[in-house]
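Enquirer: What follows is each chain in one-letter form.
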Amino acid sequence: MSESTIKKTYTCIICPNGCDIEAEIKDGEILSITGHTCPKGEAYVHQELTAPTRTIAPSVLVTGGELPLASVRLTKPIPKDMIFPVMDEIKKLTITAPVCEGTVVLEKVCGLDSEVIITKNVKAK
Amino acid sequence: MEKKDVVIIGGGPAGLAAALELYNKGIHDIIILERENHLGGILRQCIHDGFGLSRFGKSLSGPEYAQAFINEIEKRHIPYMTNATVLELTNDKQIYAMTREGLKLYQAKAVVLVMGCRERSRGALGIPGERPSGVFTAGTAQAYMNLYNRMPAKEVVILGSGDIGMIMARRLTLEGAHVQAVFEIMPHPSGLPRNIIQCLEDYNIPLYLNHTVTDIHGGSRLTGVTISQVDEKLAPIPGTEKEYTCDTLILSVGLIPDNLLSTDAGVTLDPHTKGAYVDEHFQTNIPGVFAAGNVLHVHDLVDFVSLEAEALAHSAASYIHDGMLPPCNLAIKAGNGVGHTIPQKISGDMDFKLSLRVRSHYRDCRIVLRQNGEEIAVKKMKKAIPAEMIQFTVKSEKIQKHGELEVSVE
Amino acid sequence: MKEAYDVIVIGAGVVGSAIARELSRYQLKTAVLEKNLDVCNETSGRNSAVVHGGFAYDEGTLKARFCVAGNQMMEQLSKELDFPFIRCGKVLVGNTDEDMKQLERTMAQGAKNGATGLELIDGEKLHQLVPAVVGKFAMWSKTSGILDPFLFTVGLAENAHANGVSFFFDHEVTGISREAAGEESSDFHYILHTPHGDFKTRWVVNAAGLGCKVISDMLGITGYRVVGSKGNYIILKKQLGALLPMPVYPVPSNTYMGIHVTPTVDGNVTVGPDADLVDNFSYYGVPQENMDALAESASNLWPHIHKEDQIRNFSGILPKWVDEHGVIQDFKIEVKDDIAPRAVNLVGIESPGLTGAVPIAQYAVALIKEREELKENLDFNPIRKGITRFASCTREQQASLIAENPDYSDIICQCEEITRAEILAAIHNPLGVSTMTGIKYRTRAMMGGCQAGFCQMKIEQLMEQELGKSETEICYSRKGSWLLSGKLREEPST
Chain A
1 MSESTIKKTY
11 TCIICPNGCD
21 IEAEIKDGEI
31 LSITGHTCPK
41 GEAYVHQELT
51 APTRTIAPSV
61 LVTGGELPLA
71 SVRLTKPIPK
81 DMIFPVMDEI
91 KKLTITAPVC
101 EGTVVLEKVC
111 GLDSEVIITK
121 NVKAK
Chain B
1 MEKKDVVIIG
11 GGPAGLAAAL
21 ELYNKGIHDI
31 IILERENHLG
41 GILRQCIHDG
51 FGLSRFGKSL
61 SGPEYAQAFI
71 NEIEKRHIPY
81 MTNATVLELT
91 NDKQIYAMTR
101 EGLKLYQAKA
111 VVLVMGCRER
121 SRGALGIPGE
131 RPSGVFTAGT
141 AQAYMNLYNR
151 MPAKEVVILG
161 SGDIGMIMAR
171 RLTLEGAHVQ
181 AVFEIMPHPS
191 GLPRNIIQCL
201 EDYNIPLYLN
211 HTVTDIHGGS
221 RLTGVTISQV
231 DEKLAPIPGT
241 EKEYTCDTLI
251 LSVGLIPDNL
261 LSTDAGVTLD
271 PHTKGAYVDE
281 HFQTNIPGVF
291 AAGNVLHVHD
301 LVDFVSLEAE
311 ALAHSAASYI
321 HDGMLPPCNL
331 AIKAGNGVGH
341 TIPQKISGDM
351 DFKLSLRVRS
361 HYRDCRIVLR
371 QNGEEIAVKK
381 MKKAIPAEMI
391 QFTVKSEKIQ
401 KHGELEVSVE
Chain C
1 MKEAYDVIVI
11 GAGVVGSAIA
21 RELSRYQLKT
31 AVLEKNLDVC
41 NETSGRNSAV
51 VHGGFAYDEG
61 TLKARFCVAG
71 NQMMEQLSKE
81 LDFPFIRCGK
91 VLVGNTDEDM
101 KQLERTMAQG
111 AKNGATGLEL
121 IDGEKLHQLV
131 PAVVGKFAMW
141 SKTSGILDPF
151 LFTVGLAENA
161 HANGVSFFFD
171 HEVTGISREA
181 AGEESSDFHY
191 ILHTPHGDFK
201 TRWVVNAAGL
211 GCKVISDMLG
221 ITGYRVVGSK
231 GNYIILKKQL
241 GALLPMPVYP
251 VPSNTYMGIH
261 VTPTVDGNVT
271 VGPDADLVDN
281 FSYYGVPQEN
291 MDALAESASN
301 LWPHIHKEDQ
311 IRNFSGILPK
321 WVDEHGVIQD
331 FKIEVKDDIA
341 PRAVNLVGIE
351 SPGLTGAVPI
361 AQYAVALIKE
371 REELKENLDF
381 NPIRKGITRF
391 ASCTREQQAS
401 LIAENPDYSD
411 IICQCEEITR
421 AEILAAIHNP
431 LGVSTMTGIK
441 YRTRAMMGGC
451 QAGFCQMKIE
461 QLMEQELGKS
471 ETEICYSRKG
481 SWLLSGKLRE
491 EPST
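Protein chains in written order, with the working numbering: chain A, 1 to 125; chain B, 1 to 410; chain C, 1 to 494.
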């Protein structure tokens, strides 16, 4: 192993198994990966090394509904450093009841390839 | 008095899955009694995603996971009643329920206990100190935020590294509160590794193991907490006290199966799980009374709750058809390194799924089920942690007619 | 300046509330000023809730006299004011010869004090009464009992209010001055200063409990030495009450009852109190070492104290008037005509102040009556009706409650089976109290195993809706105990 090779351990967040994956990395390139139990783990480590992504699942305000909020999530992960800008956009949203799960309330949030969709049915009051 | 084949107490993930599976097995004379305004149970407030990976092969939020089942319930017109609180369950399977239509009395052939669990409170922990406002369990804070649009906190300290606690650390941070740290009394985290990464590390929230709250300050609203390190016996080490100024303490210190109704009916509980003693049919000591999901033992994943409730439904359907189930006389004991097992009793005549949790962290270990010294089943694990429920199927072939079984970490 | 009153009572603990009720039997314009947001927030609500027999006090003292009198009238009070009281008896358990001698002395003292129903019993009888108790013999006090101290106080205060007394919460008396009653007259009124304005009154009653010395000094009656005796308690879950039919005490001294185990009227068990001398009268923190010591000590009397059954802890502080040697004195209830005319001064009202509250109040009002003719209030009605508890009703009664009021069919607190109807009645209580603990103590909501985990959000929402308050205005208990910091998402203003 040359001096510039580093060993790094990742805890995979793709599923609840949370595999501990060990990667040998040299100059930003992955030399080897061990410890993953599925291909998603390997993809996760590549993603973490190059451009880590995450999802968030907050709520938006509902007017005229039996509940004050409807929960939402992102259809695709977004770059980690975009979490707070995306959150700010979601906080600005107001929707009117009734709302149905699966409805897209914001397309291409912050210009990213991800949509904000409703995850909870809220009937009108 | 109304007669029913099966009364299902609770409309959360376990109750919904049990009802659907019973229906699909031809048992249609059933009713789900749900105390809240909506079906779905605790999933309604668990708006984060990560549910359903094993069941649906994709990552859903809690409400979506619940809705997938509710849609199926609605499609089949399976009867349910919301705002229906069961006041009493008797040992002959009569159920008093308070409903919008007034007090109702049911006589059931079988009862399915799927009431879920509740959180351990400050009092149950016996944390010393004053009693200000601002001390919330994680689930209560979650309900305020996700169901009621109310913010309970500004400056936050979290005690306990349970999954809900970590998820609330992220949730509070996203909504503008400042989470200073998470403290865990044990030497290992009690929640899943992925949540340490995506709920704490991503937001620069430190997790301190071997630490606990040893004093609570504030005569009105919380003004701060004292944190101490603990020794290997979990006793606070004098001289390690550190003060944290905060207005909110969130507790994520464990879940307890909610068995008030069960014990009143005479259901025997296992002191380790705080849920019922059940056999491989998920039947309690009262014939025809079944339990599954978090009221039986606290699960880590809702997908497993659904599966367990479906297995229960399978047995309950047989019970309705035959009026009884094969006896289970072989006990399973939790041995070295194992906290508890489900079931606690088996017949020895059929394959069954064994669920358990280990007591501490193990690497490259074998989980072994033995009877009379013989290995009955083995599961090899690269990593076994208390945060994760371990399940594997045990074949009946090797099981002998006599002799207690014991499962241990080797 | 607010309107002028005939009498102002300072303090809405059990004694202040009882005095207010006794005053409402007369044609007097009476008010009660309370610094907290509710009645019964200090000593009155932080104790063992035992109705004492009257045997543990020196002969001839006011403590002995009021305790015996209060004990005797408790059934009637419970009926008039609709609060839970159970005359369950209690046992003082001993093991040694010395214990036996002390119990014999206590018996003799009790007889002199007029306490009835005292009997020395052997181990066999003791274990018939309390099967799980640890001990060889006991003194059995058949007239002792337990009550709900909060509902007792609420009952007194609500009844006083119904008979014309005004209650002002969040009104701490910060100073007392005097103002001439007229230009020619040498007579004067008292002016009571509070952060919300001044109150004028002819008579003042100091029923400030832990604040008795502060108010006494303001009145000009100086020189009292009052120390705090802080007692810590742990509460065990409801199922354990079934194992404890009556309070179990160790052998007492005349100044300290000892750590005991007591069933509550709702079936919980309290363990305590210890007794730490304190000079901070507002710090109610319960230290770890005290909790451990309580469990250990009381386990010598009763073996069912386990950590997993503890649902809560609390503490209370007794104001004890002591002499220069630190010796605890009797109750002091006085009018110093020379120093502070028309001021009834109550100092050192500690245990048995709960048992003796009404006799204490009668004595205090008699001091006024000796000095001034009081006209009877012919409209006085001693009856107060509490909130009907759904969970205590039979199934038939429950059905008719629901038929009468559909809100009884909506259970808000699952653990204690408290309905929306009860919560609404508590929110609209006659005294106008609007804290979460105000609801809790009036209904028992949030007192069960989940300790408000499932129901507090619903109760908070009902309080917002019913009282027209915003979420940031809802207090948990004391002033400043905000519950919520705001909304996640604000509705756009229209």
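Derived by calculation from the structure, the hints in this document are not laboratory data. Idealized CB from N, CA, C, for every residue including glycine. Keep in mind that a hint or two might mislead.
[As the list claims (entries may be wrong)] Cβ-Cβ distance ranges computed for the label pairs, FRET-style:
{"hint": "1", "chain 1": "C", "residue 1": "ILE383", "chain 2": "B", "residue 2": "GLN107", "range": "41 to 47 Å"}
{"hint": "2", "chain 1": "A", "residue 1": "GLY111", "chain 2": "C", "residue 2": "TYR283", "range": "51 to 57 Å"}
{"hint": "3", "chain 1": "A", "residue 1": "GLU29", "chain 2": "B", "residue 2": "LYS58", "range": "27 to 33 Å"}
{"hint": "4", "chain 1": "C", "residue 1": "ILE383", "chain 2": "B", "residue 2": "LYS242", "range": "34 to 40 Å"}
{"hint": "5", "chain 1": "C", "residue 1": "ILE383", "chain 2": "B", "residue 2": "THR263", "range": "38 to 44 Å"}
Enquirer: Can you let me know if the beta-carbon spacing of ILE383 of chain C and GLN107 of chain B is within 41 to 47 Å?
Expert: holds, 43 Å
Enquirer: Using the Cβ atoms, figure out if ILE383 of chain C sits within 34 to 40 Å of LYS242 of chain B.
Expert: violated, 56 Å
Enquirer: If I claimed the Cβ atoms of GLY111 of chain A and TYR283 of chain C lie 51 to 57 Å apart, would that claim hold in this structure?
Expert: Holds, at about 56 Å.
Enquirer: Do the Cβ positions of ILE383 of chain C and THR263 of chain B conform to the proposed distance bound of 38 to 44 Å?
Expert: Holds: the Cβ-Cβ distance is about 39 Å, inside 38 to 44 Å.
Enquirer: Does the beta carbon distance between GLU29 of chain A and LYS58 of chain B stay inside 27 to 33 Å, or does it fall outside?
Expert: This hint holds: roughly 31 Å between Cβ atoms.
Checked against the numbered hints above, the structure breaks only hint 4 and satisfies the rest.
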